[in-house]
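**Q** Make a model of the complete structure from these sequences and hints.
Protein chains: 4
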Amino acid sequence: MQERQYVITFGCPDRKGIVSRISSFLAEIGGWIVEAAYHTDPDTGWFFTRQAVRAESVPFDVDELRARFAGVARSLGEETDWSVADTGERRRVVILVSKDGHCLYDLLGRVASGELDADVRAVIGNHDVLADITRAHGIPFHHVPFDRDGGEGTDNTAAFAEIAKLVDEHDPHAVVLARFMRILPPELCEAWAGRAINIHHSFLPSFIGARPYHQAYARGVKLVGATCHYVTADLDAGPIIEQDVIRVDHRDTVSDMVRKGRDIEKVTLARGLRWHLESRVLVHGNRTVVF
Amino acid sequence: MQERQYVITFGCPDRKGIVSRISSFLAEIGGWIVEAAYHTDPDTGWFFTRQAVRAESVPFDVDELRARFAGVARSLGEETDWSVADTGERRRVVILVSKDGHCLYDLLGRVASGELDADVRAVIGNHDVLADITRAHGIPFHHVPFDRDGGEGTDNTAAFAEIAKLVDEHDPHAVVLARFMRILPPELCEAWAGRAINIHHSFLPSFIGARPYHQAYARGVKLVGATCHYVTADLDAGPIIEQDVIRVDHRDTVSDMVRKGRDIEKVTLARGLRWHLESRVLVHGNRTVVF
Amino acid sequence: MQERQYVITFGCPDRKGIVSRISSFLAEIGGWIVEAAYHTDPDTGWFFTRQAVRAESVPFDVDELRARFAGVARSLGEETDWSVADTGERRRVVILVSKDGHCLYDLLGRVASGELDADVRAVIGNHDVLADITRAHGIPFHHVPFDRDGGEGTDNTAAFAEIAKLVDEHDPHAVVLARFMRILPPELCEAWAGRAINIHHSFLPSFIGARPYHQAYARGVKLVGATCHYVTADLDAGPIIEQDVIRVDHRDTVSDMVRKGRDIEKVTLARGLRWHLESRVLVHGNRTVVF
Amino acid sequence: MQERQYVITFGCPDRKGIVSRISSFLAEIGGWIVEAAYHTDPDTGWFFTRQAVRAESVPFDVDELRARFAGVARSLGEETDWSVADTGERRRVVILVSKDGHCLYDLLGRVASGELDADVRAVIGNHDVLADITRAHGIPFHHVPFDRDGGEGTDNTAAFAEIAKLVDEHDPHAVVLARFMRILPPELCEAWAGRAINIHHSFLPSFIGARPYHQAYARGVKLVGATCHYVTADLDAGPIIEQDVIRVDHRDTVSDMVRKGRDIEKVTLARGLRWHLESRVLVHGNRTVVF
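Chains as they are written, first to last, in the UniProt record's numbering: chain A, 1 to 291; chain B, 1 to 291; chain C, 1 to 291; chain D, 1 to 291.
No lab work stands behind these hints: they were computed from the structure. A hint or two may mislead.
One copy or two, either will do: identical chains are not told apart, so a pair holds if it fits within one copy or between any two.
List of simulated lysine to aspartate or glutamate pairs, EDC-like, C-alpha gap at most 20 Å [claimed, not checked]: (1) Lys260 with Asp249; (2) Lys16 with Glu3; (3) Lys16 with Glu190; (4) Lys260 with Asp244; (5) Lys260 with Asp43; (6) Lys16 with Glu78; (7) Lys99 with Asp147; (8) Lys260 with Asp234; (9) Lys99 with Asp41; (10) Lys16 with Asp147; (11) Lys16 with Asp81; (12) Lys260 with Glu115; (13) Lys99 with Glu115; (14) Lys260 with Asp117; (15) Lys260 with Asp155; (16) Lys16 with Glu56; (17) Lys260 with Asp41; (18) Lys16 with Asp41; (19) Lys16 with Asp236.
**A** As structure tokens, then:
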């Protein structure tokens with residue numbers, strides 16, 4: 001069992017003395033830093049840090065730490081972006097799926113084997129083919145059917161409203177689109193900004209949109225990839241958390257590419273989700289710092 | 001659904017005219033070659049080929065094809081090694097496990113989603129922690145407890161005899177040691193030669209034997225790996241089917257290495273098993289040709 | 001020293017009996033096949049093969065082999081695409097460069113150390129910064145300055161005409177654009193079709209055109225890549241021979257990406273060029289078969 | 001041109017307040033931290049940091065900074081390991097070679113193109129085949145022949161003494177064994193401890209010693225690798241800086257493995273050397289922290 005930690009993430013325009021200010025604060029309250037990472041982005045001029053402190057070394061609880069750190073943040077300028085997380089609070093996750101199960105199987109296997117420490121509160125599918133395996137893991141499955149397969153004129157407003165309701169009652173740290181294959185409406189992108197994580201089955205920005213493996217095959221690429229990213233209203237254009245690729249060659253048909261790509265999709269999603277849940281991903285504009 | 005194929009694998013000392021002899025035979029019987037691969041090993045002087053023929057293009061069944069090809073093989077010398085497989089016969093697999101579930105979860109997920117076309121007849125564990133998930137997939141689980149954890153003086157003869165009985169009643173095409181963590185006795189290595197497939201959690205020949213991630217950590221390597229190989233009586237020294245690696249760095253503890261390594265173990269095992277079941281792996285001495 | 005080989009490449013719409021026809025022909029003339037590869041593309045229905053035969057096993061010269069193989073090809077239909085190469089004829093290469101030297105240094109080093117068996121006849125640059133190193137390798141360097149850096153209204157017709165003259169006098173097997181950074185005019189794309197090889201500094205089709213690393217940085221990708229492809233009149237859209245990628249993270253500035261990418265560019269170009277010179281690359285439409 | 005930096009590396013047994021102590025010191029002297037990295041090794045309980053400060057933000061020179069930081073270090077305990085480097089002082093490098101030139105060509109190309117900022121003072125070879133290319137880059141080449149090819153009874157004491165003299169007169173920051181293929185005598189390992197960098201042509205600890213590609217071929221591995229490490233008196237057992245691998249398959253002969261491996265050797269060596277010269281590699285026992 002990992003020891004309990006308080007994890008501070010912080011970003012602001014760079015200037016002298018930030019590291020000293022934060023580390024002095026932590027030294028004063030007796031915080032034992034277990035892991036610390038710093039980054040200054042020369043392009044935007046922003047400074048970012050993530051600090052993990054042993055909870056037992058801090059003489060008060062996370063709310064008090066948050067209140068005190070707010071003062072530190074204020075002293076470092078008006079334009080800051082920060083958070084304090086408590087790893088003692090288990091991370092709540094809701095997963096959205098469609099018919100393809102490889103990412104769901106993989107995530108459930110990781111949770112079941114204790115590798116991924118997450119509290120999967122629910123799985124929601126627009127099809128029900130993955131209901132049984134979900135329930136075999138002791139997790140509720142909700143089937144929210146969609147009218148049609150996403151052609152023009154489709155109105156799935158009601159379906160999305162139901163999904164939103166099912167998701168929001170858990171106030172999840174992450175809403176995972178595990179090959180959900182549906183475009184979230186803008187209002188949900190906004191409501192879940194920084195929490196909705198998608199796995200796209202291509203090496204973005206190549207092959208945005210539908211049937212990326214078919215596009216990859218037609219272009220004759222020699223590698224196929226997968227991209228784990230935050231969902232924004234711009235299709236497949238959100239901040240990238242993680243990417244990976246796998247080699248293909250002329251012997252691979254589209255269905256071979258699909259199969260090979262799945263192995264990349266599932267590990268890429270699992271890595272991205274883990275980092276998100278551990279407060280390792282700091283978003284700035286359309287880029288991410290992954291500590 | 002993939003069309004039914006007859007798959008011929010053949011190896012013999014190289015000489016002129018082998019390709020012509022085999023392709024003429026196939027042309028005479030009207031066989032439509034869907035996939036063909038050839039290899040000559042300059043070191044051993046052996047020639048290897050794998051030919052996949054559309055079953056419906058052959059005017060007789062697989063037994064007759066096998067009988068006729070025996071004549072072709074005989075005409076190519078006394079020292080040949082060949083087989084004819086029928087993809088219409090589903091591949092039977094038995095999986096041996098211990099407590100670690102990541103490889104089993106992965107294989108079951110692949111089978112359930114239709115990605116890996118295999119008939120998993122049984123899972124056998126020396127612990128029972130993976131019984132529930134196995135049965136949730138509709139597959140029988142057998143618990144064969146071992147006396148102790150493999151120290152000297154342990155006699156698990158009876159346990160292995162029971163495992164052998166449980167395995168052999170299915171006459172499986174593959175016996176998969178999915179992190180079974182036990183050394184097969186020599187008589188089972190021999191009985192299952194060319195069918196018993198192990199996943200070792202290191203990049204062999206580095207870190208043979210127990211606790212390879214601890215060994216890797218102590219040595220300070222920058223990549224950890226996994227090796228899928230046929231089991232022989234020589235520990236971790238059998239013919240290698242597939243290997244892969246993943247990057248680690250100084251921030252990774254042993255348990256991080258274990259976690260990262262799992263992702264490599266499961267995909268490496270899955271690839272190796274797939275190739276084996278598709279008759280793509282030809283063993284010669286301690287090396288493999290993977291078509 | 002590698003033994004002399006005759007290398008046959010052949011493609012045509014697939015049908016039964018092609019392999020038998022070709023291998024029977026080779027058996028009849030006593031040809032000893034050293035390496036053979038076959039591929040049927042399920043999408044286009046085309047069949048492809050590459051066969052390398054020991055020259056000394058064939059009782060006549062390459063012209064006679066070519067003449068006889070023409071008959072075999074004719075017998076296999078009207079729509080065929082084939083070639084017969086003699087590895088005894090050293091491969092002539094002309095390299096086009098600009099100011100960035102990493103790909104040129106790499107190619108010259110490979111040739112000098114005997115790793116890449118090629119006869120580099122000339123290096124042509126629109127700048128002369130790489131003249132000295134080229135000449136230190138005993139290779140002529142031609143400086144063909146361009147009017148301006150490629151803005152609109154630039155007329156480099158005369159410069160390209162001079163380059164064409166300098167290239168064509170060597171009748172090269174490959175014209176390598178080793179970070180030449182200029183768009184070939186359509187008539188040269190056509191004249192050198194199937195021989196002009198470019199290295200593009202991105203994982204195509206991502207980041208076509210200028211400053212791909214800047215584009216990659218702005219998009220926040222986690223891998224950067226390189227693509228070796230045949231040049232066509234369509235910018236960065238020709239058939240891909242080889243691609244590779246390297247991991248980057250938030251700590252990498254654009255210039256770090258440029259540096260890391262260079263390592264991928266040079267090995268990707270070297271691999272693609274080697275395969276091309278060894279007649280391993282068969283182009284069909286916009287895709288390549290790489291045997 | 002990169003701005004001038006002072007780079008502090010520091011290691012000591014972990015305890016509370018180290019980060020605060022160091023960052024306060026830097027804040028007091030007005031140092032602007034450009035890059036900072038921290039690591040605590042849970043196994044050894046050691047803390048490590050690397051801090052790069054803008055030279056112009058520090059109101060005195062590097063000697064004064066070093067003197068003042070010594071006080072900081074002392075205040076953090078008796079068991080510390082630290083250094084302060086000035087990037088304004090160009091890094092001096094001496095390269096040892098034998099006959100294989102790929103690593104030398106690669107390093108010289110990187111230096112010539114400005115990618116690797118190093119002052120290569122001399123190349124020393126026990127053969128002279130690489131003399132011309134070295135001198136074409138304007139670098140002195142010294143030929144120090146060895147008696148025989150290293151068999152038993154060989155006495156190369158005099159040769160190594162001459163090499164030591166040639167190396168030591170430059171007081172180099174790095175002595176690079178670029179496929180030098182000779183075992184350094186223990187007294188040179190000691191004299192150059194932490195500065196002598198070797199590239200071994202295998203994924204250590206696999207295939208220690210001679211002819212690793214032959215060993216790899218015989219074992220039938222599916223990946224070959226390279227390892228950049230500090231030289232110690234223990235053959236191929238020094239702290240690893242960087243490793244990489246490349247895929248091989250049954251079609252690859254030993255000489256193909258050698259060729260493919262070279263691409264990995266040269267990039268692995270170049271990366272390791274760069275990190276060393278930038279004071280990014282902190283050695284502790286037999287493991288490295290690479291910031």
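**Q** For every hint, state whether the structure bears it out.
**A** These are the hints, each one checked on the structure:
{"no.": "1", "hint": "Lys260 with Asp249", "in the structure": "both (11 Å within a copy, 18 Å between copies)"}
{"no.": "2", "hint": "Lys16 with Glu3", "in the structure": "between (33 Å within a copy, 17 Å between copies)"}
{"no.": "3", "hint": "Lys16 with Glu190", "in the structure": "neither (34 Å within a copy, 41 Å between copies)"}
{"no.": "4", "hint": "Lys260 with Asp244", "in the structure": "both (12 Å within a copy, 14 Å between copies)"}
{"no.": "5", "hint": "Lys260 with Asp43", "in the structure": "between (36 Å within a copy, 18 Å between copies)"}
{"no.": "6", "hint": "Lys16 with Glu78", "in the structure": "within (16 Å within a copy, 30 Å between copies)"}
{"no.": "7", "hint": "Lys99 with Asp147", "in the structure": "within (15 Å within a copy, 44 Å between copies)"}
{"no.": "8", "hint": "Lys260 with Asp234", "in the structure": "neither (27 Å within a copy, 30 Å between copies)"}
{"no.": "9", "hint": "Lys99 with Asp41", "in the structure": "neither (40 Å within a copy, 29 Å between copies)"}
{"no.": "10", "hint": "Lys16 with Asp147", "in the structure": "neither (56 Å within a copy, 47 Å between copies)"}
{"no.": "11", "hint": "Lys16 with Asp81", "in the structure": "within (18 Å within a copy, 26 Å between copies)"}
{"no.": "12", "hint": "Lys260 with Glu115", "in the structure": "between (23 Å within a copy, 10 Å between copies)"}
{"no.": "13", "hint": "Lys99 with Glu115", "in the structure": "between (25 Å within a copy, 13 Å between copies)"}
{"no.": "14", "hint": "Lys260 with Asp117", "in the structure": "between (27 Å within a copy, 15 Å between copies)"}
{"no.": "15", "hint": "Lys260 with Asp155", "in the structure": "neither (34 Å within a copy, 42 Å between copies)"}
{"no.": "16", "hint": "Lys16 with Glu56", "in the structure": "between (30 Å within a copy, 13 Å between copies)"}
{"no.": "17", "hint": "Lys260 with Asp41", "in the structure": "between (35 Å within a copy, 18 Å between copies)"}
{"no.": "18", "hint": "Lys16 with Asp41", "in the structure": "within (14 Å within a copy, 28 Å between copies)"}
{"no.": "19", "hint": "Lys16 with Asp236", "in the structure": "neither (37 Å within a copy, 44 Å between copies)"}
Checked against the numbered hints given earlier, this structure breaks hints 3, 8, 9, 10, 15 and 19; the rest are met.
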